[in-house]
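Engineer: Chains C and P are the protein sequences, given in the same order. Under our numbering, residues 1 to 355 are what the first sequence spells out, in order. Under our numbering, residues 1 to 515 are what the second sequence spells out, in order.
Some hints could be false.
Lysine to any residue pairs mimicking SDA-like chemistry, simulated, CA-CA at most 20 Å apart [what the hints assert, rightly or not]:
| # | chain 1 | residue 1 | chain 2 | residue 2 |
| --- | --- | --- | --- | --- |
| 1 | C | Lys-243 | P | Ala-336 |
| 2 | P | Lys-209 | P | Ala-237 |
| 3 | C | Lys-243 | P | Ser-369 |
| 4 | C | Lys-190 | C | Leu-203 |
| 5 | C | Lys-190 | C | Ala-60 |
| 6 | C | Lys-243 | P | Ser-332 |
| 7 | C | Lys-83 | P | Gly-357 |
| 8 | C | Lys-268 | C | Glu-171 |
| 9 | C | Lys-190 | C | Pro-111 |
| 10 | C | Lys-243 | P | Gly-378 |
| 11 | C | Lys-243 | P | Ile-381 |
| 12 | P | Lys-130 | P | Leu-144 |
| 13 | C | Lys-83 | P | Ser-360 |
| 14 | P | Lys-209 | P | Pro-490 |
| 15 | C | Lys-268 | C | Gly-194 |
| 16 | P | Lys-269 | P | Gly-357 |
| 17 | P | Lys-199 | P | Ala-136 |
| 18 | C | Lys-169 | C | Lys-83 |
| 19 | P | Lys-195 | P | Leu-134 |
| 20 | C | Lys-268 | C | Pro-181 |
| 21 | C | Lys-243 | P | Ile-370 |
| 22 | C | Lys-138 | C | Val-148 |
| 23 | P | Lys-130 | P | Lys-195 |
| 24 | P | Lys-130 | P | Leu-87 |
| 25 | C | Lys-243 | P | Gly-337 |
| 26 | C | Lys-243 | P | Gly-371 |
| 27 | C | Lys-83 | P | His-351 |
| 28 | C | Lys-83 | C | Glu-171 |
| 29 | C | Lys-243 | P | Asp-372 |
| 30 | C | Lys-268 | C | Gln-161 |
| 31 | C | Lys-243 | C | Ala-143 |
| 32 | P | Lys-269 | P | Asp-288 |
| 33 | C | Lys-83 | C | Val-146 |
| 34 | P | Lys-195 | P | Val-142 |
| 35 | P | Lys-199 | P | Asp-70 |
| 36 | C | Lys-243 | C | Glu-229 |
| 37 | C | Lys-83 | P | Ala-358 |
| 38 | P | Lys-209 | P | Gly-440 |
| 39 | P | Lys-199 | P | Ala-215 |
Note that these hints are calculated values from the structure, not bench results.
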Amino acid sequence: MIRFVPRERTPVWLTVAVSVGAGLVALLLTAIPLALSGAPVFTAFALMARGAAGDGFALAETLTRATPLIFTGLAAAVAFRAKLWNIGAEGQLYAGALATVVLGAGLVEAPSYVLVPLVLLGAAAAGAALLLVPVLFKTRFGADEVVVTLLMNFIVLLFVQMMLEGPVKDEMALGWPQSAPVLDEATLPKLVAGLRLHWGLVLAVVAAVLLHVFISRTVWGFRIRAVGENARAARYAGLPVGKAMALVGILSGGLAGLAGASEVAGLKGYLTADLSPGFGYAGIVVATLANLSPLGVVPSAIFIAGVFVGADSMSRAIGVSNYLADLVVAFSLLSVLVGGLLTRFRIVFVRREPA
Amino acid sequence: MHPDPRPLVLSLSGITKRFGPLTANDHIDLDIRAGEIVALLGENGAGKTTLMSILFGHYVADEGAIHIADEAGRLAPLPGGSAEAALAAGIGMVHQHFALAENLTGFENIVLGTQSLWSFGLGRREARAKIARLVAESGLAVDLDVPVARLSVGEQQRIEILKALYRDVRVLILDEPTAVLTPQEADGLVATVRKLAAKGLAVIFISHKLHEVLALCERVAVLRGGAKVADRPTAGADRATLAELMVGRAIPQRERPPSTPGAPVLSLKEVSVGNPGQRDRLENASLDVRAGELVGIAGVSGNGQGALAGLVAGLAAARAGEVTLDGQRLTSADPAGRVTAHVGRIPEDRHRDGTIGALSVAENYVLESIGDPENQCGGFIRRGDIRVRAAEMIRAYDVRCPGPDAAIRALSGGNMQKVVLARALEGEPRLVLAHQPTRGLDIGATTDVHRRLIAARARGAAVLLISEDLDELFVLSDRIAVVHAGHLSPAMEAASLDVRTVGLMMAGHTAGEAA
Chain C
1 MIRFVPRERT PVWLTVAVSV GAGLVALLLT AIPLALSGAP VFTAFALMAR
51 GAAGDGFALA ETLTRATPLI FTGLAAAVAF RAKLWNIGAE GQLYAGALAT
101 VVLGAGLVEA PSYVLVPLVL LGAAAAGAAL LLVPVLFKTR FGADEVVVTL
151 LMNFIVLLFV QMMLEGPVKD EMALGWPQSA PVLDEATLPK LVAGLRLHWG
201 LVLAVVAAVL LHVFISRTVW GFRIRAVGEN ARAARYAGLP VGKAMALVGI
251 LSGGLAGLAG ASEVAGLKGY LTADLSPGFG YAGIVVATLA NLSPLGVVPS
301 AIFIAGVFVG ADSMSRAIGV SNYLADLVVA FSLLSVLVGG LLTRFRIVFV
351 RREPA
Chain P
1 MHPDPRPLVL SLSGITKRFG PLTANDHIDL DIRAGEIVAL LGENGAGKTT
51 LMSILFGHYV ADEGAIHIAD EAGRLAPLPG GSAEAALAAG IGMVHQHFAL
101 AENLTGFENI VLGTQSLWSF GLGRREARAK IARLVAESGL AVDLDVPVAR
151 LSVGEQQRIE ILKALYRDVR VLILDEPTAV LTPQEADGLV ATVRKLAAKG
201 LAVIFISHKL HEVLALCERV AVLRGGAKVA DRPTAGADRA TLAELMVGRA
251 IPQRERPPST PGAPVLSLKE VSVGNPGQRD RLENASLDVR AGELVGIAGV
301 SGNGQGALAG LVAGLAAARA GEVTLDGQRL TSADPAGRVT AHVGRIPEDR
351 HRDGTIGALS VAENYVLESI GDPENQCGGF IRRGDIRVRA AEMIRAYDVR
401 CPGPDAAIRA LSGGNMQKVV LARALEGEPR LVLAHQPTRG LDIGATTDVH
451 RRLIAARARG AAVLLISEDL DELFVLSDRI AVVHAGHLSP AMEAASLDVR
501 TVGLMMAGHT AGEAA
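Chain P on its own, in the form it takes in the complex:
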């Protein structure tokens, strides 16, 4: 191997951070050169966030050192525990959740905090000129003079990146930057990042979307269990090898056996939900989900998924139109009625809607069915029976927990989701609603959720999957519908669709335009 001629801009050596018995970062070395795009891969809990927090001065490393190049290109140690020092040294980060003042314009957000208190109003012209130059160089075109609340998520992200560039960053960290974007917006971002890197910016790209990592990055560092397990060029790597490096074992391929759909289980006819003023609403939506069929709903979050999920879960009633479940009309908001009608429901937010943190695993498991004869007798809870069944469930779903009596909030997200899944799929529901069922889960837990949904479909359940993850939708769905600004497209055969078409529809184009 010949040495890379580009100068080092950032060098982490032997970074170690312990939280009690847990070693979150275990002697991690990472070098980044000017103009290099490096992916940082790892499952939840692998130590990515801790490492970036140390780099940013939110945590102090127990061991190890950070060196960063100064103006002249000489490496100098970066003092730990100081976010100011990190910013001053030229480290910038675009978080997954933006840090923008929504009532200020893009321009104001970009310059916010960079001007001295005493020179207010001065230097506006210089700032304008500098931003105009940055926009020209990076291709990040965006309206700078409207409040950012009126911009789309993708546009807000451009403001965030410009904000970092305006502070003359030499190292830019992008945390899951494509999670909120349509595929087309993501392509635009990739082009921008390439341009910036070509001008000498070092980029750390945190993602779990392996195909993006392979397409964009020249090098990939993989963390697992707090340690760096691989640091290799992306050339010659494929998705399977990267996934195995992340998880530490081979990933079973998901298989979706063919199935013949039966009669419609859930049927929406010109249904409207929510106020016309809201973005998350449904207008005249029609959809059939048939027995033995998995229908996926694609869309950028907040475009009507919440309204659809609320309708199916029984939290909201339709304002207009007709909703039928197995031929029975559903007219009112009635979560308990959905339980008795055998609708298995996996809510979007398992902490807020799916579980009660202070209650035990067993109690959460029987939350919906506590009134049923197998769980109570004369108003008294059959605690022994419930504990036995919960223990069986823990085995069957491989829930890693101290036992059925452990408070569910002590469980990891994946294990918590397994309990939610077990509850939703209990009693072989006719219809399964899965709203973002794998959000925040690692590859192992995600695979498990997918397997269970496929199994429900295989035994004849109708499955409605609402997801922002297009990979997930394409792998699992028989048909896909796209929701944008409250309008639901007709469900189309997944086999006849491609990611590009769905992406254009997510941005508001009709199927005809997109095709």
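Excised from the complex, chain C in its bound form:
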């Protein structure tokens, strides 16, 4: 018989070990369908590793893919810390991307040291505004934010498509539904010439550090943690529960909006309706794998990005579907959720006497 005994305290190494272990277990589990499909398992994993980090180019590609995942991972981490279940990062990302092209594609003309901050701020504000609606619905009327944020994703995506066919449409794009390109002054510079890697990565890492400091060192970060851990006791102690929730909404939506700005202004240069292959949802996995720690989000996002990039490369080389990457991501989430049991409980085996 197995018993779960609650732990009084969880050492930090164990939390890290569980996250790393979950990633490894996910890769191991993926070997099963890989073998079933007849592919050479070890070759496949070797190709995947090489595709993700085999050379400078591969690594740069992984980090480029990790950039939006860090932003959406942070968005999920800060929201989930406060038990605000924001499933709408995908929509907030598109809202940020739309704000980026609205502000950055000619509406405002200014030098880049003005325009880049303006574009980033606008994108963050758009994402934040989008999440504030469900937060207010939650605090005022008790509406379930999971449902509202999830459904708003579809509304936003349809709205973006409408805008791409209309006001922000690029007249030079021969009828393709894409936006006008952002001005050079609104573009985030490349980090290394010739690679796709851009300054968005630096912004994302800085955002992770700032969020970590904010959550752990500031009064409002304390209030957010308190509300997230026990909203009843926080209210009893006189903490401003509603304001803390609104602040979480602003932070989480704003970070997701920055993911959109970074993709448009740093990578693509314009907006299309297929800008994000589900970065908003993948951010939830990234945050969970990082145990909701802002600093942990960075390696966690790089791992998930590496899986995607590596799987792409492997599927080209040996003809296995790159859906395998989604499988690894799904297995990671399941493994880390199971692994979470280990951080909260000690597992004790007891021999049961025959009755």
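Take the given structure of chain C and dock chain P to it, following the hints.
Structural biologist: Only chain P this time, still in chain C's reference frame:
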């Protein structure tokens, strides 16, 4: 000593149970004879619950054996780890929290689970006859044909006991049976238990109310730290000796020095809180709590204490009437406003309302005051200062914990309550609200809470104590008011009251009727 002529019905020998490094039960022997009423005394964590769980088959003992008398009176070993076997062998238990289906009638609850699936509807008459006989024998009169949700707590308890008797128990375990009863109901229960014992039922009475143990039980077994430290007749024992056996040291006497109350700090004038449909509400309640005075609120829980505590703590606003604190009108629900108005608040449920389990001892200590200049600078938390002050608090309040950074959920209830107390009494509050401040605490921690409340009163604070424990109220209060079904009696001088009067008022009689 001459041998007891009554036959043994239950014999525990050498029961040992370990949970990791903790020995919850350490070679406990306990014999119980037919018709005997034995008290099982012990503080929280002494091992009472573990022992009863082993007896009931929820746990399996690591060592030791249980023997129980069969129909013919021969002792036979009871297989461990099986609740069915325990029930079949005639062990019955009435838990502190009842296990009744609230939408079924008393009759249905009693027979529930005793009838075979295939004979539904049959045997009703026999069941009726048997219950009628049990009621006549035990004196447990109760309406069996209304849903139990409509019965009072005391009546529900009678159903629980009848349920056990209906299953022909030979050993009945009563877990803190008087905790939810008015004194009169408790007297009724004592009479019933005596009657049942006289017919040969063995009773194990778990309680921490020493005077009840002394009045009802002929023998008392005391557990401390998992071991049985005493097993003696109650004759010749008094409360002080039993308390010392439980705690393992002498208990300091609580002293309440006289004090001259000043001006009212908290004043309620015809205040109503909550919907008229709720039971836990206040209707036209008036009360003054003066500086340097401790006012106790007695009542069976759920009769308006929650509404009163919520009002004072700032969770609820008055629907009608006037509430003033130091002459200032309180109009809205505003917990933060109560903090700034120097109201120290000790909530009823320290896990749910009083602490945030995942945060550290230090963080819980500054939960209310995190925005104050001594705790933050420019929005950043002064972590070093807070840790130092928390360490001082840990010393001053003797909080047993690994340190200020330990998660507070790792602390025992008593130590957790000390942190809540330290936070509530920080900055010498004008008014202290203590709602069930000693619930679930052991004698040592309870004494500590009492001492702190008396000290707050001595320095001139107004203290409002809401409690279900009449002993606590009589020891600490200058004046006592009783709340029943939302109606608050006038506060009366505690010295002029007796337990009987307060008990009648708790059951809904007015002061005039009760006197």
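Engineer: Under the constraints set out in the numbered hints, which ones does this structure not fulfil?
Structural biologist: 14, 16, 18, 28
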